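Given chain A, work out where chain B should sit, using these hints.
Chains as they are written, first to last, in our numbering: chain A, 1 to 498; chain B, 1 to 498.
If you're looking for bench data, these hints aren't it; they were derived computationally from the structure.
This structure is a prediction, so every number in the text was calculated from the model and none was measured.
Some clues are possibly wrong.
Any copy will do: because identical chains look the same in the list, a pair fits if it lies in one copy or spans two.
[To be verified] Each computed DSSO-like pair below joins lysine-lysine, with the alpha-carbon atoms no more than 27 Å apart:
(1) Lys467 with Lys386
(2) Lys144 with Lys69
(3) Lys323 with Lys262
(4) Lys399 with Lys69
(5) Lys393 with Lys66
(6) Lys386 with Lys66
(7) Lys66 with Lys399
(8) Lys214 with Lys166
(9) Lys241 with Lys262
(10) Lys66 with Lys144
Number of protein chains: 2
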Amino acid sequence: MASFSSYIFLIILFIISVGASEIKSIYLPGTYQSSLLVKKHDEKTKIPFKTHYFPQILDHFTFLPKSSKVFYQKYLINDQYWHKEGGGPIFVYTGNEGNIDWFAVNTGFMVDIAPKFNALLVFIEHRFYGDSMPFGNNSYKSAKTLGYLNSQQALADYAVLIRSLKQNLSSDSSPVVVFGGSYGGMLAAWFRLKYPHIAIGAVASSAPILQFDKITPWSSFYDAVSQDFKDASLNCYKVIKGSWAELDALSTHDDGLIEVSKLFRTCKALHSVYSARDWLWEAFVYTAMVNYPTEANFMMPLPAYPVEEMCKIIDGLPKGASKLSKAFAAASLYYNYTQTEKCFNLEGGTDSHGLHGWDWQACTEMVMPMTCSNESMFPPSSFSYKEFSQDCKKQYGVKPRPHWITTEFGGYRIEQVLKRFGSNMIFSNGMQDPWSRGGVLKNISSSIVALVTQKGAHHVDFRSETKNDPDWLIMQRKQEVAIIEKWLEEYYKDLKQN
Amino acid sequence: MASFSSYIFLIILFIISVGASEIKSIYLPGTYQSSLLVKKHDEKTKIPFKTHYFPQILDHFTFLPKSSKVFYQKYLINDQYWHKEGGGPIFVYTGNEGNIDWFAVNTGFMVDIAPKFNALLVFIEHRFYGDSMPFGNNSYKSAKTLGYLNSQQALADYAVLIRSLKQNLSSDSSPVVVFGGSYGGMLAAWFRLKYPHIAIGAVASSAPILQFDKITPWSSFYDAVSQDFKDASLNCYKVIKGSWAELDALSTHDDGLIEVSKLFRTCKALHSVYSARDWLWEAFVYTAMVNYPTEANFMMPLPAYPVEEMCKIIDGLPKGASKLSKAFAAASLYYNYTQTEKCFNLEGGTDSHGLHGWDWQACTEMVMPMTCSNESMFPPSSFSYKEFSQDCKKQYGVKPRPHWITTEFGGYRIEQVLKRFGSNMIFSNGMQDPWSRGGVLKNISSSIVALVTQKGAHHVDFRSETKNDPDWLIMQRKQEVAIIEKWLEEYYKDLKQN
Chain A
1 MASFSSYIFL IILFIISVGA SEIKSIYLPG TYQSSLLVKK HDEKTKIPFK THYFPQILDH
61 FTFLPKSSKV FYQKYLINDQ YWHKEGGGPI FVYTGNEGNI DWFAVNTGFM VDIAPKFNAL
121 LVFIEHRFYG DSMPFGNNSY KSAKTLGYLN SQQALADYAV LIRSLKQNLS SDSSPVVVFG
181 GSYGGMLAAW FRLKYPHIAI GAVASSAPIL QFDKITPWSS FYDAVSQDFK DASLNCYKVI
241 KGSWAELDAL STHDDGLIEV SKLFRTCKAL HSVYSARDWL WEAFVYTAMV NYPTEANFMM
301 PLPAYPVEEM CKIIDGLPKG ASKLSKAFAA ASLYYNYTQT EKCFNLEGGT DSHGLHGWDW
361 QACTEMVMPM TCSNESMFPP SSFSYKEFSQ DCKKQYGVKP RPHWITTEFG GYRIEQVLKR
421 FGSNMIFSNG MQDPWSRGGV LKNISSSIVA LVTQKGAHHV DFRSETKNDP DWLIMQRKQE
481 VAIIEKWLEE YYKDLKQN
Chain B
1 MASFSSYIFL IILFIISVGA SEIKSIYLPG TYQSSLLVKK HDEKTKIPFK THYFPQILDH
61 FTFLPKSSKV FYQKYLINDQ YWHKEGGGPI FVYTGNEGNI DWFAVNTGFM VDIAPKFNAL
121 LVFIEHRFYG DSMPFGNNSY KSAKTLGYLN SQQALADYAV LIRSLKQNLS SDSSPVVVFG
181 GSYGGMLAAW FRLKYPHIAI GAVASSAPIL QFDKITPWSS FYDAVSQDFK DASLNCYKVI
241 KGSWAELDAL STHDDGLIEV SKLFRTCKAL HSVYSARDWL WEAFVYTAMV NYPTEANFMM
301 PLPAYPVEEM CKIIDGLPKG ASKLSKAFAA ASLYYNYTQT EKCFNLEGGT DSHGLHGWDW
361 QACTEMVMPM TCSNESMFPP SSFSYKEFSQ DCKKQYGVKP RPHWITTEFG GYRIEQVLKR
421 FGSNMIFSNG MQDPWSRGGV LKNISSSIVA LVTQKGAHHV DFRSETKNDP DWLIMQRKQE
481 VAIIEKWLEE YYKDLKQN
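Here chain A stands alone, though its shape is the one from the complex:
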């Protein structure tokens, strides 16, 4: 079964207008995320961590009688490398939207460097994900419970937990460095900005903190995906770009659904042609994100540089074949690299259109407007705050606050603001990753730096090192280690002086 597996925080609420600007579909890849998580969890991947639970406060920012309700927040600890007596550092991963085990498995970088730094490793799960459910099974019931799910509460959770942990471990002088990838990277960066008294530095990998409001052009994400494919092969890009019209044409045929079902080798007859479109879309977007230089299994098992591999498939097919069949063949690499699937379940995940964490966040605070330009390989689409707001209101009963993130965390003129404020931050980005366009791509000051790799993808630097890693990746990780070393040296020097 090739399940929908859109784990990473890709929330693109895009509305395709066909004909008389009728809303045909709202596509929320994030809604499928739990299935992958559960799968991963079932696999019981061995990770070198002990699991703990912290009694966390429900609402840090009000003092209503119910605000002080306690829930249990999961966190993982590995102390095998820690030199506690010498004030060894504490490396904290600021968990993002999902089971924390999964982030621990996919952030081998921290485990790899822990021995060198004699560091304690801590991975903290984000509230309302994994096992950290403030209202148990009712956590996702409605806005009355989900209302407590947002980034500021999560950051405060981390602050309270870290402080308590250091106290319990009698390790007051141990410096804390926070790490995070993707949304977790945004949290790491924001944590350093909001809680500099708790974390001496932040390593934020693939953190699109500028993907809000009008800071980054709305079309940049899909333009970047398209660029990846264009760079691999101009023909490949053109084939995919042309495939949507063929699919649209089939949707008007009487036998269109049957034809598409056959072409896409679906296990069951399709109910909607748009399922096929979403299936393709997701494959291309996620493959661009995880266009890693080595074989990897983050979202799905994939070969090294999977975008190139997809394009090789497209370019290798006979000229006479339809664009849609070529697009299907390419997307199959994403869903079936292991060649184990006999048929595909395109609508398998769509039944569980429940209330899922990231959807909620995207419909409240994490509003990242995205459009498809005429130059992208996707069908052109626009974004309307009004329609978005109406949809969210309909789904959750609350309206988004689309300008709140930039009010709370900034983003506009970030170079000017942080040039003279703040320090000790690494923003790492790989330009293969479409999220990079919303990241910090230039050094801001001597200690707020951008590490950009042309061939890197979504937080590739955070993955465990492998023997096949290219030089640029080895170099990038070395730079990160050297910068963290500098932060720690300064910290210990300051500590001695005081």
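Relative to chain A, chain B alone:
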């Protein structure tokens, strides 16, 4: 009538244990604050501002259906000096616990310097004070409404309001500098730390941001009050220190209450000897705070250097007079400098033991433990988190989070943390002010500086200039102006470059 007038945010929940550690009294000066406010409001002091109301969101940090309720937040504007077209700066006062008009009246410094800077002046009222009541007359009803009153929500209010204001005024490039005194100074400092993308700098006058947890010794506040009196006259200090025992002795007499009522010239017979103690206590504490170098009327009308004047009264009385009668005579200066009172209403304010804003804040987040040491001129007293928590729970139904402020805003090792993080902050303190002991008294970096005056009192630098201002005060204000000028120069330079 000499009303209880404890406007400034003095919340000292001190518990005097007499005999078998029985709790005799909980003294919350803050509870009397509204009366003064109303009085001030009635006076209709002319201020050069226009009043506006901003539709503010109730809860910035949750997305429950009721979080987005709107209330009207008052703010004042003076644009007569503003050079908007040239990107003139916006000076914002981050309102503290009270009617914003009162702060506007008592922060003449901002009005004085506005023409030089071509600045727009904005004074924003703190939620749950003055007219800015989220639930109208029900705002103070219980923890269910008061729960939304805290510093983080207030800071977010300021962020949202300032951003909206700049947008409406089409003055995106105008730099914002925040100012605040006392609790307002804490808010200004924290605002710069949490919202550096909104304010380019902060002038925090008499802001005891280190008066939390164990950062500052708990006895320092009352030791500082005592030092003021000791510096004026050792005899004066000794007389006051000895007066409490005389009062205690009277409390055991059969006719004690009558005697105290007579001695204190009360309008009505006293119900408790402790009313007299609180009355004295308040006079000495507030007089130390407002030990200004010129005649002033911040809390009460008082002569220049009122502590010295009080001590002159004590030292001038016959040796044979009781210590208590001397203490009474000194305290009368505070309540009756204008010589208009025929009798004193010591218990006048105690009836209105309602739910008042600062009491709430002190019982939830603003927990500032204070004790009286044996060396102070006050009766020794201790502080117990447990008892404090029980009292607050009893009064409001919620427990304090005594370590939350230092988790959210820091404070421990502040020099080390801010030495390499943040910029553009002035912490001004006058050492006559007992709150100075919880302030930042040393430069932290080249742009986070402490301006300390030995003869200054509670945010004296923020008062309007007068022809009698001493040189050190003129100099201090000049320094502040020069530093703000530097921030602005840098800002405009950076702006041009980008």
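Hint by hint, here is what the structure shows:
In this assembly of identical chains, Lys467 and Lys386 lie within 27 Å of each other by CA distance neither inside one copy nor across copies; the values are 50 Å within and 58 Å between. When the C-alpha separation of Lys144 and Lys69 is checked against a cutoff of 27 Å, the pair qualifies both within a copy, at 14 Å, and between copies, at 14 Å. In this homomeric assembly, Lys323 and Lys262 come within 27 Å of each other (Cα to Cα) only inside a single copy, at 15 Å, whereas the closest approach across copies is 102 Å. Taking the closest pair of Cα atoms, Lys399 and Lys69 come within 27 Å of each other both inside a single copy (25 Å) and across two copies (12 Å).
For the homomeric pair Lys393 and Lys66, the shortest alpha-carbon distances inside one copy (25 Å) and between copies (13 Å) are both at most 27 Å. In this assembly of identical chains, Lys386 and Lys66 lie within 27 Å of each other by CA distance solely across copies; the values are 21 Å between and 33 Å within a copy. Both within a single protomer and between protomers do Lys66 and Lys399 lie at most 27 Å apart by alpha-carbon distance, with minima of 23 Å and 11 Å respectively. Taking the closest pair of Cα atoms, Lys214 and Lys166 come within 27 Å of each other only across two copies (17 Å); inside a single copy the shortest separation is 40 Å, beyond that limit.
Taking the shortest Cα distances, Lys241 and Lys262 sit within 27 Å of each other inside one copy (21 Å), while across copies they are farther apart (95 Å). In the homo-oligomer, the alpha carbons of Lys66 and Lys144 lie at most 27 Å apart both inside one protomer (12 Å) and across protomers (9 Å), since each shortest distance falls under that limit.
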